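**Student:** Residue numbers (the numbering used here), protein chains in the order written: chain A, 1 to 260; chain B, 1 to 73.
In short, the hints are calculated from the structure, not lab data. Since the model is a prediction, treat every value here as computed from it, not as a measurement. There could be a bad hint or two in this list.
What the hints assert, rightly or not - No farther apart than 30 Å at their CA atoms in a straight line, the calculated lysine-lysine pairs in the DSSO-like style are these:
{"hint": "1", "chain 1": "B", "residue 1": "Lys59", "chain 2": "A", "residue 2": "Lys246"}
{"hint": "2", "chain 1": "B", "residue 1": "Lys22", "chain 2": "B", "residue 2": "Lys59"}
{"hint": "3", "chain 1": "A", "residue 1": "Lys130", "chain 2": "B", "residue 2": "Lys58"}
{"hint": "4", "chain 1": "A", "residue 1": "Lys98", "chain 2": "A", "residue 2": "Lys146"}
{"hint": "5", "chain 1": "B", "residue 1": "Lys58", "chain 2": "B", "residue 2": "Lys22"}
{"hint": "6", "chain 1": "A", "residue 1": "Lys189", "chain 2": "A", "residue 2": "Lys205"}
{"hint": "7", "chain 1": "A", "residue 1": "Lys2", "chain 2": "A", "residue 2": "Lys196"}
{"hint": "8", "chain 1": "A", "residue 1": "Lys2", "chain 2": "A", "residue 2": "Lys14"}
{"hint": "9", "chain 1": "B", "residue 1": "Lys59", "chain 2": "A", "residue 2": "Lys130"}
{"hint": "10", "chain 1": "B", "residue 1": "Lys22", "chain 2": "A", "residue 2": "Lys130"}
{"hint": "11", "chain 1": "A", "residue 1": "Lys246", "chain 2": "A", "residue 2": "Lys2"}
{"hint": "12", "chain 1": "A", "residue 1": "Lys246", "chain 2": "B", "residue 2": "Lys58"}
{"hint": "13", "chain 1": "A", "residue 1": "Lys98", "chain 2": "B", "residue 2": "Lys22"}
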Amino acid sequence: MKLTVLEETDTFIKVLIEESSPDFVNAIRRTLLLDVPKLAIENVTIYDNTSALFDEIVAHRLGLLPLPTDLETLVFRQDCVCEGEGCPNCTVHYTISKEGECTVYSGDLNAEDPAWAVVDDRIPILRLLKDQRIILEAEALLGTGKQHAKWQTASGAGYGYYPQIEITGDCNGCRECVTMCPQDVLDVKKGKAVVKNLENCNLCKTCQEVCSRNAITVRGDPSRIIFQFETDGALTARRALTEAMKILQAHYRELEEALQ
Amino acid sequence: MIIPVRCFTCGKVLGSIFEDYKQRVYLNGENAQEVLDELGVQRYCCRRTIVAHPVIVKKDGVEELIDEAARYE
Numbered sequence: 001m002k003l004t005v006l007e008e009t010d011t012f013i014k015v016l017i018e019e020s021s022p023d024f025v026n027a028i029r030r031t032l033l034l035d036v037p038k039l040a041i042e043n044v045t046i047y048d049n050t051s052a053l054f055d056e057i058v059a060h061r062l063g064l065l066p067l068p069t070d071l072e073t074l075v076f077r078q079d080c081v082c083e084g085e086g087c088p089n090c091t092v093h094y095t096i097s098k099e100g101e102c103t104v105y106s107g108d109l110n111a112e113d114p115a116w117a118v119v120d121d122r123i124p125i126l127r128l129l130k131d132q133r134i135i136l137e138a139e140a141l142l143g144t145g146k147q148h149a150k151w152q153t154a155s156g157a158g159y160g161y162y163p164q165i166e167i168t169g170d171c172n173g174c175r176e177c178v179t180m181c182p183q184d185v186l187d188v189k190k191g192k193a194v195v196k197n198l199e200n201c202n203l204c205k206t207c208q209e210v211c212s213r214n215a216i217t218v219r220g221d222p223s224r225i226i227f228q229f230e231t232d233g234a235l236t237a238r239r240a241l242t243e244a245m246k247i248l249q250a251h252y253r254e255l256e257e258a259l260q
Numbered sequence: 001m002i003i004p005v006r007c008f009t010c011g012k013v014l015g016s017i018f019e020d021y022k023q024r025v026y027l028n029g030e031n032a033q034e035v036l037d038e039l040g041v042q043r044y045c046c047r048r049t050i051v052a053h054p055v056i057v058k059k060d061g062v063e064e065l066i067d068e069a070a071r072y073e
C-alpha cells in the first residue's frame, strides 16, 4: 500500500492511497467520523442569563465550539482514575462573565489554562443588550462522534476513485469536451484533446457523452483512491488521520485477542 | 435567530466565517459567490446555511433577527 499527500494544511488533508480498495478506505472514513476523540463542552452551570436566548440554546451553542484537544494529557471520564467524579485528568473548565451591550464571542470564554482557549475566537455565542448579563461555568469532556455530533472530529470526509482518461486517435480536436467539462480537466494541444489536470476530474463523464467520435473514455481506478477530509481545528488533519488508524488497529487487535 | 455555530449538515464551523461574510456582502456589496469561495466555504450544505441566514441591513450595520427579538425581552 502506498500513500501520497496531495494537499495539506492544518485543517485539511487530501491523500492518494494506492494498491488499496474502497472498503478499506471506507473503514478509515467511518473511524474518523465516529471514533476519534475530541474535547467539547458537556456540562454547563448557568448562574445568570438575562439575554434573549434560552439557557438550553446557550449551552447547545457552547457545546459546538471547537476546543483544542491534547490527546496525550486527557482521558475519557469513564476511564479516569477519578471514577467519573471529574478531575483535571479528564475535565477542562471554562467560565464566561459578561454584561451588555456587546456580542459574546468564543474568545470571551476564559479557560483555566490559556492553552485550552477556543481555537476560533470569533464565533458569536449570543448577543447582549444594555443591562443584560450572562454568567456561567462550563465543563469540557472528551467524547466521540458516536455519542454526539459535537464530538465529531472530521467534516466533509469522502473518497473517490482516481480518474483514468483515455483519448484515442479518433479525436479531431473539436474542443467540445473542453468547453463542456465542469472541472476544467481537458485542453486541446496540436489538434488533439489532452488531459490538463487529471486530479480535478470527478468522473462525471460529460466529455464522454458529448464526444461525437467516441474518442474519450473515462473510468475510475478502484485500487487507487483519493481520500480527503477537514477538521475544525481541534486536531490537525494529519493527527486526526494517524489517530483514526491507531483506533482501527486497536479494534482489530481486540478482535484477535477475543478469537484466541 | 443568531447564526448557527456549525453547518447543520457537515459540521464545519461557520459562526466566524459569517462575521466576515456579513461585512463584505451586505455592507461592501461584494459578490456572494466570490466571497464564499475566498472564505473557503466549498460544500453546498455550508453555502446554503450562510446564504439563507436572514439579516436586517441598516445604515450603520447589519443586524440579525436576534437583535430585534432581544428588545422585547
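**Student:** It remains to establish, for every hint, whether it holds in the given structure.
**Tutor:** Verification of the supplied hints:
Restraint check for Lys59 of chain B and Lys246 of chain A: not satisfied, since their Cα atoms lie roughly 54 Å apart, outside the 30 Å limit. Restraint check for Lys22 of chain B and Lys59 of chain B: satisfied, since their Cα atoms lie roughly 14 Å apart, inside the 30 Å limit. For the proposed pair Lys130 of chain A and Lys58 of chain B, the alpha carbon gap of about 20 Å is at most 30 Å, so the pair holds. The straight-line distance between the Cα atoms of Lys98 of chain A and Lys146 of chain A is roughly 34 Å, outside the 30 Å bound, and the hint therefore fails.
Distance check on the hinted pair: Lys58 of chain B and Lys22 of chain B sit about 12 Å apart at the alpha-carbon level, within 30 Å; holds. Under the criterion of a C-alpha separation no larger than 30 Å, the hint pairing Lys189 of chain A with Lys205 of chain A is consistent with the structure, at around 21 Å. Under the criterion of a C-alpha separation no larger than 30 Å, the hint pairing Lys2 of chain A with Lys196 of chain A is consistent with the structure, at around 24 Å. Of the supplied pair hints, the one linking Lys2 of chain A and Lys14 of chain A holds, its CA atoms being roughly 14 Å apart against a limit of 30 Å.
A threshold of 30 Å between alpha carbons decides the hint, and for Lys59 of chain B with Lys130 of chain A the separation of about 21 Å falls inside it, so the pair holds. Between the alpha carbons of Lys22 of chain B and Lys130 of chain A the distance comes to roughly 23 Å, so the proposed pair stays at or under 30 Å and holds. Between Lys246 of chain A and Lys2 of chain A the alpha-carbon distance is near 18 Å, which keeps this suggested pair within the 30 Å criterion. A hinted pair counts as satisfied when its Cα atoms are at most 30 Å apart, and Lys246 of chain A with Lys58 of chain B does not qualify at roughly 52 Å.
Taking the CA atoms of Lys98 of chain A and Lys22 of chain B, the gap is near 24 Å; set against the 30 Å cutoff, the hint holds.
Hints 1, 4, 12 from the earlier list are contradicted by this structure; the remaining hints agree with it.
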